[in-house]
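Student: Full structure from sequences and hints, please.
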Amino acid sequence: MAQADITQDTGADGRLDKLTTADGTPLKVSIRRAMRRNKLIAFGLTAPLLFFIVFSFLMPIFDMASRSVENHQIPEAMPRTVAVLEGWNGQEVPGEAAFEALALDIQEGQRTRTIGRAATRLNYQEAGMRSLIMGSARRADQLEPPYKQALLEVDDDWGDLDVWRLIKRESGYYTASYYLNAIDLTYSDTGEIVAQPEYRQIYVMLFVRTLWMSALITGLALLLGFPVAHLLATLPARHANLLMILVLLPFWTSLLVRTTTWIVVLQTEGVLNDMMVWLGVISDDGRLQMIYNQIGTIVAMTQILLPFMILPLYSVMKGISPSYMRAAKSLGARPPVAFWRVYVPQTIPGMGAGGILVFILAIGYYITPALVGGQSGQLISNYIAYHMQQSLNWGLAAAIGTILLAGVLLLYATYNRIVGIDNMKLG
Amino acid sequence: MSQDNIVEFNHVQKSYDGETLVVKDLNLHVARGEFLTLLGPSGSGKTTVLMMLAGFEVPTHGEILLNGTPINAVPPHKRGIGMVFQNYALFPHMTVAENLRFPLDVRKISRADAEKKVQRALDMVRLGQFGNRRPGQLSGGQQQRVAVARALVFDPDLVLMDEPLGALDKNLREEMQLEIKHIHEQLGVSVVYVTHDQSEALTMSNRIAVFDDGVIQQLAAPDMLYEEPDNAFVAYFIGENNRLHGIVKQVNGKSCEVELENNGGTVKALPVNVAGEGQRTTLSLRPERVEVNPTNGIDNSFDARVEELIYLGDHIRTRVRVCGNDEFVIKIPNAHGHARINRGDTVKVGWALQDCRALDA
Ligand SMILES: Nc1ncnc2c1ncn2[C@@H]1O[C@H](COP(=O)(O)OP(=O)(O)OP(=O)(O)O)[C@@H](O)[C@H]1O
Ligand SMILES: [Mg+2]
Numbered sequence: 023m024a025q026a027d028i029t030q031d032t033g034a035d036g037r038l039d040k041l042t043t044a045d046g047t048p049l050k051v052s053i054r055r056a057m058r059r060n061k062l063i064a065f066g067l068t069a070p071l072l073f074f075i076v077f078s079f080l081m082p083i084f085d086m087a088s089r090s091v092e093n094h095q096i097p098e099a100m101p102r103t104v105a106v107l108e109g110w111n112g113q114e115v116p117g118e119a120a121f122e123a124l125a126l127d128i129q130e131g132q133r134t135r136t137i138g139r140a141a142t143r144l145n146y147q148e149a150g151m152r153s154l155i156m157g158s159a160r161r162a163d164q165l166e167p168p169y170k171q172a173l174l175e176v177d178d179d180w181g182d183l184d185v186w187r188l189i190k191r192e193s194g195y196y197t198a199s200y201y202l203n204a205i206d207l208t209y210s211d212t213g214e215i216v217a218q219p220e221y222r223q224i225y226v227m228l229f230v231r232t233l234w235m236s237a238l239i240t241g242l243a244l245l246l247g248f249p250v251a252h253l254l255a256t257l258p259a260r261h262a263n264l265l266m267i268l269v270l271l272p273f274w275t276s277l278l279v280r281t282t283t284w285i286v287v288l289q290t291e292g293v294l295n296d297m298m299v300w301l302g303v304i305s306d307d308g309r310l311q312m313i314y315n316q317i318g319t320i321v322a323m324t325q326i327l328l329p330f331m332i333l334p335l336y337s338v339m340k341g342i343s344p345s346y347m348r349a350a351k352s353l354g355a356r357p358p359v360a361f362w363r364v365y366v367p368q369t370i371p372g373m374g375a376g377g378i379l380v381f382i383l384a385i386g387y388y389i390t391p392a393l394v395g396g397q398s399g400q401l402i403s404n405y406i407a408y409h410m411q412q413s414l415n416w417g418l419a420a421a422i423g424t425i426l427l428a429g430v431l432l433l434y435a436t437y438n439r440i441v442g443i444d445n446m447k448l449g
Numbered sequence: 006m007s008q009d010n011i012v013e014f015n016h017v018q019k020s021y022d023g024e025t026l027v028v029k030d031l032n033l034h035v036a037r038g039e040f041l042t043l044l045g046p047s048g049s050g051k052t053t054v055l056m057m058l059a060g061f062e063v064p065t066h067g068e069i070l071l072n073g074t075p076i077n078a079v080p081p082h083k084r085g086i087g088m089v090f091q092n093y094a095l096f097p098h099m100t101v102a103e104n105l106r107f108p109l110d111v112r113k114i115s116r117a118d119a120e121k122k123v124q125r126a127l128d129m130v131r132l133g134q135f136g137n138r139r140p141g142q143l144s145g146g147q148q149q150r151v152a153v154a155r156a157l158v159f160d161p162d163l164v165l166m167d168e169p170l171g172a173l174d175k176n177l178r179e180e181m182q183l184e185i186k187h188i189h190e191q192l193g194v195s196v197v198y199v200t201h202d203q204s205e206a207l208t209m210s211n212r213i214a215v216f217d218d219g220v221i222q223q224l225a226a227p228d229m230l231y232e233e234p235d236n237a238f239v240a241y242f243i244g245e246n247n248r249l250h251g252i253v254k255q256v257n258g259k260s261c262e263v264e265l266e267n268n269g270g271t272v273k274a275l276p277v278n279v280a281g282e283g284q285r286t287t288l289s290l291r292p293e294r295v296e297v298n299p300t301n302g303i304d305n306s307f308d309a310r311v312e313e314l315i316y317l318g319d320h321i322r323t324r325v326r327v328c329g330n331d332e333f334v335i336k337i338p339n340a341h342g343h344a345r346i347n348r349g350d351t352v353k354v355g356w357a358l359q360d361c362r363a364l365d366a
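Chains E and P are the protein sequences, given in the same order. So the first sequence is numbered by the numbering used here: it starts at 23 and just counts up by one. So the second sequence is numbered by the numbering used here: it starts at 6 and just counts up by one.
Treat the hints with caution; some may be incorrect.
[Claimed, not checked] Derived DEER-like restraints, expressed as beta-carbon distance ranges:
| no. | chain 1 | residue 1 | chain 2 | residue 2 | range |
| --- | --- | --- | --- | --- | --- |
| 1 | P | Gly-145 | E | Ile-75 | 34 to 44 Å |
| 2 | P | Gly-349 | E | Ser-343 | 26 to 36 Å |
| 3 | E | Ser-343 | P | Gln-191 | 28 to 38 Å |
| 4 | P | Gln-134 | E | Leu-71 | 21 to 31 Å |
[Stated by the list, open to error] Residues from chain E that keep clear of chain P, each with C-beta distances beyond 12 Å, as calculated:
| no. | residue |
| --- | --- |
| 5 | Tyr-346 |
| 6 | Leu-353 |
| 7 | Gly-396 |
No wet-lab data here; the hints were simulated from the structure. From the three backbone atoms N, C-alpha and C, an ideal C-beta is built for every residue, glycine too.
Tutor: Quick look at the structure:
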């Protein structure tokens, strides 16, 4: 490395020209050279984490986001049909050319076993499409020209204009229909965007429910967590440690155990109802339904997410010197006024951090509502899980998930604008 | 109970743990308009006294009067005492002006009046332009001034300051000492000030209470404290001081003879705080009161061997070995014709009887 002693080149007019080190290299260059090594070392140390994040976090998110618009099944399994339909006006059932293309696609798809995917894909949009296509595929080798007649004989639904419109609409490599479905919209038979029929409208309601229940849970967690955090921060160390263990205890027990414990406590024949009956607060046949509904979800999730509120609050409160409260009192403020005007505003970074943490965790929560939420306590994530595992409509699951992710990012950005992320303290 | 005392501590005791007394039988009167400093080493109970006065700690025993009325049961916010904290305790989420308006707001003072008072207070500490800043955007000295302004803005009769300058560097501290002193003189408020810095106490105070071990060792004006310390602790704590240990041989009225240990010889001294003949005593002698080559007839005169000379500009600090003590310090003023001495020389040193105070052992 270059010598540290520095000479100054002074220009002819006596002005300071450029700083160089003793061996004549410009100072900036040698600083950059010296820093490069440090940067390389720093990068080397963080590289494993970087790769891990890319593979386990960024790529899955990207993959999910792309699944929500991807539609390769149809152009890949039915290339001939797609090509012919390109020139179709969509006004009446297409002619023999389209039917021939369809028949060939089905025959080939049946051989290569790719037609099923297209059938499933179309079935997401219109129930019955899968059985129509797969029914025809099973009898693919019997299809002879003229194909129109042959296919109509197999299933006269092929004469339905809407079937052809649907195939044409979903023939691109990308589709918006998952997103439309995720917000309870769909294409009408004529291709306009319209609301889903009422009996199929569910996701907007679920989004709204997820938002207000998460907000409520966040509010409850703040209400319950604030005094605990305050106690933690002000109690003498010995008692504070014990309390801290109690706060952290939930982290050391399984989520499932904790959730099922709530079932024991809250169910109609459960501890709480028994106690209220025993105390005479309610009659034996007036037992309250406190689980398998929204109450169950709210109670259990509030308890489970409470530590995520308490810990950031605690870390902020720990840093607030008691002399602020003393100063406020010495200036003439009654203790409640001092608390409200001097203490509480200083805990805002903690409230923000805890609030955002709990809210974001809550809108993505899944196990607890699934176990104790019944029907009315299900959140949007439960439907993401349903589409991932039961209906296998990954595209829709991805669309809902992406909307949720966008919502979280939006929330984060808003928070940043209003409070400032650097004001947030997580610990 | 005189109305001229704004604060009176009567037999106040304080224990935190029920085992040791942090403040032992404190009797202290603060006169109206006075600047009184509590000075003492760390852990001597200064902050505790201040906290009891502010109402954040409860006396274990005894009574505190404010303006003649007992305030043991009055909560802090009703005492109307201004307070400056060591770390300033400016509210970080409020601007400087909002900080100053806080005590006025809680007193329900009208907006217009409050604005006026805030501006006046800011001007007083020469921060008129800084009202819109956050405390975090001010330097340490500026924050300190805001803290002072905030403690004064609601016109309290009494202001308490707990080591308010502790966090500042030396130059700024000296500047602020004078500034606070001038504000005190201007406004005529009473100030109880806590510090462990003796020069700060000497600079600012009307009277200083020297604390040690929960007891006031001496309460006096700065010059009295320096020149006439009552006991060895005060002499040692305030200013530099040569200490000689010995046994009182003879006391006759205004003078006594003390035989020094280590065969140091016999010294004539002023008996201030001696237990009696035959008892141990500590002699206290300020370095600047020792003469080199003294005039004939001085009360005490000894041969001293020069061990070390330190040039300090305005004076030369000279360490000599005399009376069996080689930590004996003399300050030779750097004036025309001052004694020229070298290391290893033997010189005559002497001091007057009145300057050599015989104190407790
Ligand atoms: N809240 C408390 N609980 C228990 N003991 C305390 C408490 N506050 C102070 N003490 C003890 O009381 C004694 C006096 O403390 P105090 O704070 O009054 O000293 P001080 O003179 O202000 O010292 P310093 O110059 O270091 O600030 C110390 O021994 C201290 O340990
Ligand atoms: Mg103190």
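Student: Could you run down the list of hints and mark each one as holding or not?
Tutor: Hints and how they fare:
1. P:Gly-145 x E:Ile-75: 34 to 44 Å: Given range 34 to 44 Å: holds, Cβ gap about 42 Å.
2. P:Gly-349 x E:Ser-343: 26 to 36 Å: At 56 Å between Cβs, range violated.
3. E:Ser-343 x P:Gln-191: 28 to 38 Å: holds (31 Å)
4. P:Gln-134 x E:Leu-71: 21 to 31 Å: Given a distance of about 48 Å, which is not inside 21 to 31 Å, the answer is violated.
5. Tyr-346: violated (5 Å)
6. Leu-353: violated (4 Å)
7. Gly-396: At about 44 Å from chain P, E:Gly-396 clears the 12 Å cut-off, so the statement holds.
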